[in-house]
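Undergrad: Single-letter residue listing:
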Amino acid sequence: MKNPLIQNVGVFLRKSDYMKKSILAFLFVMITVITYGQRQYVTFSDSLKGKGFSAFVEELEKQTSYKILFRKDWVEDVNVNIPDDNLEVSEALKLILKENGLNFYIDKQNNVIVYPGKEIVVSLPDYFSDSKAAQGSNIENYDTVTELEKRHIEGKKTIRPTVIKVGNSKGIVNGKKCAVRGRITDEETGQGLIGATIYIESEELGAATDLDGYLNLMLKQGDYEAVVRSMSMKEKRFYLDVTSDGSFSIALMKENYSINEVKVVVGTNNNVSGMQMGFERMTSKSIKDIPMVMGEQDILKVAQMLPGVQSAGEGASGLNVRGGTADQNMFYINKIPVYNTSHLFGFFSAFSSDIINAFSLYKSNIPAKYGGRLSSIFDISTRSGNKKEFYGKGGISFVTGHLAVEGPIKKDKSSFVLNYRGTYSDWLLSQIDDIDIQNSDASFYDLSASFNTEINQKNALKTFFYRSSDHFSLASTDDYSYENTGISLNWKHLFSSSLNGDLSLVHSQYGNKHDGKDNPSEAFTHEFKLNHSELRADLLYNTKKDHLFAFGLNSIYYHQNRGDVLPYNMESTRIPIEMGKEQGLEFALYASDEFSLLPNLKINAGLRFSMFSYLGANDVNLYFNDSPKDENNIKEVKSYGSGEVIKTYSSLEPRILLNYQLSPNNAIKGSYNRNKQYVFMLSNTIAMSPTDMWKLADYHLKPPVSNQLSIGYYHNFPFKGLEVSIELYQKNMDNIVEYKDGVDFLSDKPTEMQLLQGEQKVQGMEFMLKKTTGRLSGRMSYTYSKSMVKVAGDSPSETINNGLAYPSNYDRPHSFNFAATLRSNMRLSFSTIVDYSTGRPITYPITSYQSNGQEILYYSTRNAYRIPDYFRIDLSVNLEGNLRRKKAIHSFWTLNVYNVTGRKNAYSVYYESEGGQMQAYKMSIFAQPVVSLSWNFKFGNYASE
Amino acid sequence: MQVSKRLSTIPIYIIGGNKTINGFNSVTWFLLIMCLSILLGSGCIEQYNPPIKGNTEFLVIDGCIIKGEELQTVYISKSTALNDVNINWVTGCVVWAVDANGETFVYEEGSDGIYHSNIPLEKLNYGSQFMINVTTPDGTEYASDFETIYESSPVDSLYFIEESYQSSSVVSHSGLQYYTDLKAGENATGYYRWVIEETWEHHSPYLISEMRYSDDYRGSIFFDEPTDSLSVCYSTKEVPEVYTATTDNLTSNEKKKIPLIYASGLKLNYNYSVLIKQYALGKNAFDYWSKAQVIVSEGGGLHQTQPSAIISNLWNVNDPDEIVLGYFWTSSYSERRLNFKGPLNEIVAENCELYEMDPEDPPLFEPIYFDENGMIASPICFDCTYSGGSLTKPDFFE
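Protein chains in written order, with this note's numbering: chain A, 1 to 945; chain B, 1001 to 1398.
Isolated chain B, as found in the complex (with noise of 0.2 Å):
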C-alpha cells in the first residue's frame, strides 16, 4: 500500500548524527504535528514551485581517487535548472591529475563529459596525496587542492532492526532500519560516509501463456505451460542519499547505531541485500559531504539554519571568483553486505487487475501478454524486466 509520498508516512528516520527526523528538525517536526492534529491529516504539505530566476549553469568538476579501483573517473558538466532532469556533459576537456611527487596521469574521455584513467594501484597508498587538473575546449583551467587517502577500517557491524511506522491511511506496517556501528582505530580518520547499493528481489504477479507483439498475430508466441522465465527479477541501485558520520564529539573513535537506509515495501517480499562502503575521508571532503547531506534533507523552516554555502576545492586558475561546484576527494573504503530473506510484509503490488482485452480497441501496450485464461493487464504484470533490473540471480542470493 503505497501513501501519498513521504511526509503523510512520517518514519523515523534519523540522518546521520544530524538531529532530524524524517528530514525535519524536531520544532518544524512539532509544527507538523499541530497541523495534523487539527487538521486531521490533510492539506499541510503540498508540491510548490519556486519562481528561480537568473543564471543556473554552472561548471560542475565531480571525481575521485579511490585506493584499490582501476579506474579512476572525473565527470564535467553543467549545472541545470533544478526542474531539469538532464545532465548537461562538457566534451572535449584535458583532464590529468597529479601526485605529490609531481606525476601526473592522464585521463581520457570515454563516454560525453567522463573521463578515467587508469592510475596503477601501487600508486594509491595510505597518505598519499593527488589533486586534478581540468583545461575545458576553451581553453580555461581549472585546479583542485591536494587530497589525502586516508585508512579506512573494516565495517564493524551493519544490522537492522524492524521498526514500524504509521501511514495516513491508518495502515501501518514495518520496514528494516539498517544501522552500523563505526570502530575505527585511534589514528584513524574519524570521518566517514557511507555509499549504500540495495539488490531486491521482484515477481511479476502473473505467468504468461501468449505474447502478442502486434494486433494482427504476426508475432505471437504461445506457451504450453504459462512461463515464469520472466517474472523474477533482480534489481540493484545505488541509493541517492548521503550518510556521513564524524566521532569529532566522542570520547574514542566509535559510533554506534548510526542509521542508513530505511527500506519498506515491497522490496522486501522475497530476498533483499544491501551492500554498504564505508569511506575514510579528510576533514574538509567531510564538511562537503555532510552538508551535502543536511541540504537534501532539510531547509526552508524557521527552526532551521541558514542553508551553508557548499565549499568546493576546485578553482578557476585565473578567475577565483568564478563559481565552480562539485568536489575532488580521494579516500579508501571497506564493504560489506547484508541479505535479508522476505517476506517482511506480504505486499501485494498495485495496478495489476486482469481485464478481458476488447478487440475493438487498439491495444494500450505493446507487446501483449495474456494469462492462461486470455485475460490481459499492463506487461509490468507479466514482465518483470519492465520495472527494471536483470533476470539473473546475484551470487550473494543462494
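Here chain A stands alone, though its shape is the one from the complex (with noise of 0.2 Å):
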C-alpha cells in the first residue's frame, strides 16, 4: 500500500506568520505520520457485494489488521452495497453504517466500535483532510462547534492531498492505458457538476464534465496530482493512483466568501484547452448576476449578452445567432425541444430560472450529436434535484410569481424538482385608463416536474415533463394562444468504465391559436399542431489510446397538422380551409472522435450523416419546367398514399475542430461545420410572432444547409482570472427561406407559391474578454458582422430586390456588450450592462406622390436604411438577508434599473398620413429607466445556492 508523502506543507502559509505556522504544521505531518501511516485499504470484490454486514467483516479482518467489534442485532438490516472496488476503510465504514443510523469509532489499536446514533467527538477535529469529502460523504458535521471555532480550526490545517484509488492489481496490464471514469459532485447535495475540470499537470492533461457530472480521461498506471476545479467551489487537488481501468468520485465543497481574504484561483482551462469553439456555458450562478427588466432572470436575455447573439428588438421573441433567424436555432430543455421560447410575445422566456441548472450554446463548431439548424443548439439543463434535503426557492416581482421545490424521493437514490410560474399582469392592463386595454387580458404559466433516479451504480433514470403556455386577449378583436409541452425520459447506462451511453425518448408539442374577430363576415379561428417524436442514443467510448469516440443515432418523427381556417361563428361568410396535414421522418447517424494528432494538436472529427422523408399522405402540384410556380404553370396534380415517402433528401455533415496549444495558455482553434435544416418556421415579421406555423422541407422547398468557417485565438492570463479570444467565421447558408410580396399564410394557395429560396452569407469577427475570479467579475464582447441575403430566382416574381443582396433583418454590424457584478461583501452586489448595437435595417419610403388623391409611398431597395443605433445601461443591487445558517427562510432582495440613461431606443419607425402630409414616427417600448424590485427565497437547504 502506497502512503502518500505529504507535500506542499506550508506553501499557504503567510510570510509573517511563516516560522510559527512552519512548526504547527510540522507537529501537524507527525499526527499525520502517526495516525494515517498505517492508512489501509479494503478491495471489493463482486461475490462480496449485496451480502449481509458479517461477510464484509471476515473480508475486511482478512485484509486488513481491523478488528471490529459490533453487535449482530444492530447490523441485520445491513447491506454491503460499495460503489467503488477500492475503499479506505473509514469510508468502507462510513457508507455502510450511515445509511443504517449506525456511527463507528476508531482506536489507535485499529479496534472499530459499531454504535448506534450519532457521532462521538472523542477529540478537537485533527486537520483538515480532502479524504473525508472525497467520496461523497459528510463531514460538516460541526454542531457542536460553532462557526468560529471552526474557522479557527480549519484556518490552521494544513491541506494535504488525499490519495484516491482507481482500479484494482487484477485488471492491471503493463503498459497500457487505462480508463479512469470520474464523477464530480457537489459535496451538498450530491448532484453531479456540470463543467467542472480535472487537470494533472504533469501530463498537461485534462477534461471537463458532462451535464451529469462524469468525465473520462486515459492514464497510465502510476501516481498523479490532479486538481479538480468547478466554479464557485473550493478547488481540489489530490493523487491518482491508477493501477487500471476504473473509476472514481470526488465531491466538491462551497467556496464560502471570506471578507479579510484575497485569494487567488486559477482560471479553469476550458477556454484554451477545450475542445470547442463559439461555445458559451453559463450555469445558474453566473445567470443569477445579471440584472434583469422587471426583476425576471431569464437566460434568453443573458444568451443575448453574448457576441453574435442578438434579438430582433426589445420584447421581440427569438434570437438571431450570427445573422441567422430565429427558427435556425433549437432549443433543448432536458432534451425536450422547444419551438416557442418566449412568454408575452418576447417579454419573458419560457424557462424559469429556478430550475435551470446550466446552459450550453453551440454557434460555431456544433458537435456531431446535435443537428438540424443552421445557426445554433441551445442545450438546457434543470437541476436534478438535492437528493439528501428537502430544497425551495421562489420569488415575486410584480409581474410574475414563481416557486420551485426539491427533495429526495429516497434518500441519496432518488429525487423531484417541481416548478410553477404564472403572471398575475392583468392588474397592469387595468390601470390604463382605456376601455380596451382593460378589457384586454395577458396570461402565460409554465410548470415542470422531474424525477431522477440512481437504480445503481451504472444505471440512472430521468424523467422531465415541461409545460409553457400563453393567452392573449386584444380587446375584442383578437385572441392568442399558444403552448409547448413535452416529455422526456433518459436512461444514462454505464457499460464500463470506458463505455456510457445515454437513450432518451422525447415528445413535444407546439401548438398555436388564433381567433380573429376584426369583421364579423372576417373573423375565422384557426389552430395550428406540431408534433415531434424523438428517439436518441448517445454513447461515449474512452479508448486505451487517447482516443474519446461519440457515436449514435437519433431519430424525428414530425408531424402537424397546419389546422383549418374556419368561421367563428354564424355571423361570418368566411370561407373554410383546410390547410392539412403533413409529416416527415428525420433520421441521422453521427460518429466522432477526439484525439492528439501531435502533443500540441488536438482534433475532433466528426461526421453526421442525416435524411429526412417527406411522407403523404398528400397532394403535390408538378409545374412546368423553367416555368414560376404559380396557378397557371400547373403540369400536373400528384396524390400521394398516406406513409408514402414524397421525397428524401439527405446531407452528409462534416464537423471538425483543431486545437493547436502553443502554450498551456495559448491556442489556435480553427473549425468547419455543415448543417442542415429539415423543418423551418413561416414568419414573414421581422420577430417570431405567436402565430407563426412551422412548415417540413417538402417536394418543392429545399432543406436550408450552411457551411461555416471558424478560426480563433484564445488566451488566458490564469493569475489574473482573464480569458481573452477573437473569433473569425464565414458562414454561406443556401436555400434559405425568403417570402413574395403579401404571403398569406392562412389561405390554401400551396406554400411552394408562396416562398422563395436564396442565399445567405454571414461574415463576422467576435470578442470577448471575461473575468471569471475575484470581486469583480464579468465580460466584456465586441462582434464586427455582415449578413447579407440575395434571391435571385428564373423570373421577376420569383426575385427579391432585383437578384440584388441586401442586408438580412439581422445584419447589425457593430455590436458591444458589458456585462459587471461587483460584490461588495456577502451580502451587497452591484451589477451593470452596457448594450449597445448598429440599428436594424429598415426599408423605408423615399419619396411619395399622389394619385387619385392619395399620397402614397415609394420605398427603397430592401433594407437599405437602419433604424438608430440602440443604447441602453442597466444597474442593480442585490441585496441578501442575514447569511445567519439555522434560518427557516434567506431571502434576497433586486432592485433593478433598466435604461438608466432613458435614451428612446427605436423599437420601430413608421410613417404617418396626416392630412395629405406623411410623418414618420418612432416608437421605443421603455423610453424611461424602468425600476423594479422583486424579492426572492430560498428554503430548506438553502446553502446548495
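Just so you know, these hints were derived from the structure itself, not from any lab.
Using N, Cα and C, we set each Cβ at its ideal position, and we do this for glycine too.
Please note that the accuracy of each hint is not assured.
Said to hold, decoys possible - Which stretches of chain B does chain A cover? Using the computed rule of at least three CB atoms under 8 Å from a CB of chain A, they are: (1) 1054 to 1065; (2) 1147 to 1158; (3) 1229 to 1243; (4) 1246 to 1257; (5) 1281 to 1292; (6) 1307 to 1317.
Stated by the list, open to error - Partial pick of chain B residues on the chain A-facing surface, computed with a CB cut under 10 Å: (7) C1044; (8) P1050; (9) D1084; (10) V1195; (11) D1321; (12) G1326; (13) I1368.
What the hints assert, rightly or not - If you want the footprint, here are the derived chain A segments under chain B, 3+ residues with CB under 8 Å: (14) 509 to 521; (15) 736 to 748; (16) 903 to 911.
Build the complex: two chains, separate frames, hints provided.
TA: If you want it as C-alpha cells, here you go:
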C-alpha cells in the first residue's frame, strides 16, 4: 500500500507568521504520520456485493489489521453495497453504516467500535483531510462546534492531498493506458457538477464533466497529482493512483467568501484547452448576477449578452445567432425541443430560472451529436434535484410569481424537482384608463416536473415534463394562445468504465391558436399543431489510445396539422380552408473522435449523416419546367398515399475542430461545420409572432443548409482570472427561406407559390474578454458582422430586390456588450449591463406621390436604411438577508433599473399620413428608466445555491 | 379637446380587411400597451426624421377612366422628397387613351400637368377596356396595360355606430364609426374601393360688430346688430385615406361591416354628411390600392411584414427598368350619402379667448374683428371662412 507523502506543507501560509505556522505544520505532519501511517484499504470483490455485514467484516479482517466490534442485532439490516472497488477502511465503514443510523469509532489499536446513534466527538478535529469529502460523505457535522471555532480550527490546518485509488491489481495490463472515469459532485447536494474540470499538470492533460458530472481520462499506470475545479466550488488537489481501468468520485465543497482574504484562483483551462469554438456555457450562478428588466432572471436575455447573439428588438421573441433567423436555433430543455421560447411575445423567456442548472450554446462548432438547425443549439439542463434534503425557492416580482421545490424521494437514490411560474400582469392592464386595454388580458405560466433515480451505480433514469402556455386577448378583436408541452425519458447506462451511453425518448408538442374577430364577416379561428417525437442514443467510448469516441443516432418523427381556417361564428362568411396535415421522418447517424494528432495538436473530427423523408398522404403540384411556380403553370397534380415517401433529402455533415495549443495558456483553433435543417418557420415578420407556423421541407421546398468556417485565438491570464478570445467566421447558407410580397399563410395557396429560396452569406469577428474570479467579475464582448441575403430566381416574380444582395433583417454590424458584477461583501452586490448595437436594417419610403388624391409612398431597395442605434445601461443592486445558517427562509431583494439613461431606443420607425402629409414616428418601448423590485427566497437546504 | 396627435388616443379604427388597429397590428399594439403601462402614457412615440439619401424623383402618371363621368383626367408629375409638400407637375406631355377597338381619345392639358379628355359616354360600358399612352416633352414614351371597367353594384347600406375612445388626457368622448355592407351579385367583381367625401357645418363662436381693415381707421365697417353673415360655413373634403375590401376569402360576394371613416370632434357639432363612392375594381387595381392602404397605415414594426413594392401598370416603352409610379385604372361607381344632425358632443373650439386691443401694439391680424363689447380675437373666431369652406348651404342639408 502506498503511503502518500505529504507535500506542499506550508505553501499556503503567509510569510509574516511563517515560522510559527511551520512549527505547527510540522506537528501536524507528525500526527499525520502517526495516525494515517497505517492507512489501509479494503478491496471489494464482486462476491461481497449485496452480502450482509458479517461477510464484510470477515473479508475486512482478512485484508487488513482492523478488528470490528459490534452487536449482531444492530447490523441485521445492513447490506453491503459499495460503489467503488477500492476504499479506505473508514470510508467503507461510513458508507455502509451511516445509512442504517450506525456510527463507529476507531481507536489507536485499530479496533473499530460500532454503535448506534450520533457520531461521538472524541477529540478536536485534528487537521483538515480532503479524504473525508472525497468519497461524497458529509464531514460538515459541526453541530458541536461554532462557526467561529470551525474557522479557527480550519485556518490552522494544512491541506494535504488525498490519494484516490483507481482500479485494482487484477485489471493490470502493463504499459497500456487505463480508462479512468470520474464523477465530480457537489458535496452538499450530491448532484453532479457540470463543466467541472480535472487537470493533471505533469501530463498537461485535462477533462471536463458532462451534464451529469462525469468525465473520462486516459492515463498510464502511476501516480498523478490532479486538481479539480468548478465554478464557486473549492478547488481540490489529490493524487490519482491508477492501477487499471476504473472509476472514482470526488465531491467538492462550496467556496465560502471570506472578507479579509484575497484569493487567487487559477482560471479553468476550458477556454484554451477545450475542444469547443463559439461555445458558451453558463450556470445558474453566473446567470443570477445579471440584472433583468421587471425583476425576472432570464437566460435568453443572458444569451443576448454573448457575442454573435442578438434579438430583433426589445420585447421580441426569438434570438438571432450570427445573422440567422430565429427558427435556425434549436432549444433543448433536458432534450425536449421547445419551438416557442417566449412568454408575452418575448418579454419573458419560457424557461424559469429556478430550475435551470446550466445552458450551453454552440454557435460555430456544433458537435456531431446535434443537428437539424443552421445557426445554433441551446442545450438547457435543469436541476436534477437534491438527493439529501428538501429545498425550495421562489420569488415575487410585480408581474410574476414563481416557486420551485426539490428533494429526495428516497435519500441518496432518487429525487424530484417541481416548479411553477405564473403571471398576474392583468392588474397592469387594468391601470390604463382605456376601455379596450382594460378589456384585454394577458396570462402565461410554465411548469415542470422531474424525477431522477439512480437505480444503481451503472444505471440512472431521468424523467422530465415541461409545459409553457400563453394566452392573450386584445380587446374584442383577437385572441392568441400558444403552448409547448413535452416529456423526456432518459436512461443513462455505464457499460464499462470506458463505455457509457444515454438512451432517450422524447415527445414535444407545439400549438398555437388565433381567433381573429375584427370584421364579423371575416372572423375566423385557426389552430396549428406540431408534434415532434424523438428517439436518441448517444454513446461515449474512451479507448486506451487516447481516443474519445462519440457515436449514436437519433430519429425524429414530425407530424403536424397545419390547421383549418374556420368561420368564427354564424355571422362569419369566411370560406373554410383545410390547410392539411403533413408528416416527415428525420434520421441521423453520427460518429466523432477526439484525439491528439501531435502533442500540441488535438483534433475532434466528426461526421453526421442525416436524412429526411417527406411522407404522404398529400397532393403535390408538378409545374412546367423553367416556369415560375404559380397557378398557371401547374402541369399535373400527383397524389401520394398515406406514409408514402414523397421526397427524400440526405446530407453528409462534417464537423471538424482543430486545437493547436501554443502553450498552456495560448491556443489557436479552427473548425468547419455543415448543418442541414429540415423544418423551418413560416414567418414574414422580423420578430417571431405567436401565430407563426412551422413547415417541413417538402417536394418543392429544399432544406436550408449552412457551411461555416471559423478560426480563433484563445488566451488565458491565469493569475488575473482573465480569458480573451477572438473568433473569425464565414458562414454560407443556401436555400434559406424568403417570402413573396403579400404572402398569406392562412390560405389554401400551396406554400411553394408563396415562398422563395435564396442564399445568405455571413461574416464576422467576435472578441470577448472574460473575468471569472475575484470580487469584480464580468465579461465584455465586441462583434463585427455582416449578413447579406440574395434571392435571384429565374423570373421577376421569383426575385427579391431585383436579384441583388441586401442586408438581412438581422444584420447589425457593430455590437458591444458589457456585464459586470461587483461583490461588495457577502450580502451586497452591484451589477451593470451596457448594451450597444447598430440599428437593424429597415426599408424606408424614399419618396411620395399623389395618386387619385391619396398620398402613396415609394420604398427604397430592401433594407437600405437602418433604425437609430441601440444603447442601454442597466444597474442593479442585490441585497441578501443575513447569512445565519439556521434560518428557515433565506431571502434576497433585487432592485433593478433598466435603461438608466432613459434613452428612447427605437423599437420601430413608421410613417403616418396626416392630412396628406407623411410624417415619420419613432416608437420606443422602454423610453424611460424602468425601476423594478423583486423579492426572492430560498428555504430548506438553501446553502446549496 | 384636441389631444396630442393620434397615438395617444388609440381609437379603435379598423381599416379595410386588414388586421390592424389604428394602423398597428395587434402585437405591436400590445407592445404599445406595455409602454403605456410602464411609462403611464408618455414618451412611447415621437416624431423622427429618417435620413433619406439618393434619387427621389420618378415620373408619376396617375389617371382613371370612370364610367358616367363627363371628363376623364390624367395627372403627370415627378415624385418629391417625403417632406416636400409641393407637386412638381410635368407639362407639355402628349397623352391619349386607346380602347380595345383601337379608337384613340386625345387628352388636352388644362392646368399644369393635368390633362383632360371628353370620352363620349357611350364608349364607357361595362367590360370596355382602355389603356393610356404618354409622351413626355423629352420624347420618352410610356404606356399602360389595358384595364377593364367593372360593374359596381349599388351601395347596400351605409351606417354609423357611436363608438367611444379614450384620450391620454382622461377626457373621453365619442365619435362616429361609419360602416358599409357590401352586397355584390354573384357575377360582379369581388374587389372594391371606397372614396369618401365629408361635409360639415361649422360656426365661428363670435358675431362681428365691427370689421377694421387696418389700424388707421380707413376701412372700418360697423354693423348695427352683430352680423351672423360670416359665422356659418360648410366645408367639404375628400378623405385622404384608402379604403378597400375584397370578398376573396368569403363564401358569398358579400361582406358586412366594412369600416370606413371615423368622424369625431368639432365636425360633429352641427350638420355632418358623408358621401361614399363605391368603385368596382379588377384584381390588379385592387392589389395596387390595397397595398397603398397598407403602406399608408403601417410600416416598420417588428411584427409587420416587409413593405411590398407597389406595382404600377405603366412602363417606359423603351426602357422597362425605369421606375414609373402611379396607376391607370378604370371603374364604375355607385354612391350613397348619409347625414348626421349634431351635436354629438358639444365641443368648443380652442384658442378663441377674447381680449382687449392694445392701441400701442401693431395689430396681429388683418382685418381686425370686434364683438359687440369691442373685444377682439383671432379672425378665425369671427369669420368661419378662415377655417375653409363656403357660406352656401349645400342642398343635402335641409
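Undergrad: Does each hint hold? Answer for all of them.
TA: Hint-by-hint comparison with the structure:
no.	hint	in the structure
1	1054 to 1065	holds (count 7)
2	1147 to 1158	violated (count 0)
3	1229 to 1243	holds (count 4)
4	1246 to 1257	holds (count 8)
5	1281 to 1292	holds (count 3)
6	1307 to 1317	holds (count 4)
7	C1044	6 Å, holds
8	P1050	5 Å, holds
9	D1084	9 Å, holds
10	V1195	7 Å, holds
11	D1321	9 Å, holds
12	G1326	6 Å, holds
13	I1368	29 Å, violated
14	509 to 521	holds (count 5)
15	736 to 748	holds (count 5)
16	903 to 911	holds (count 7)
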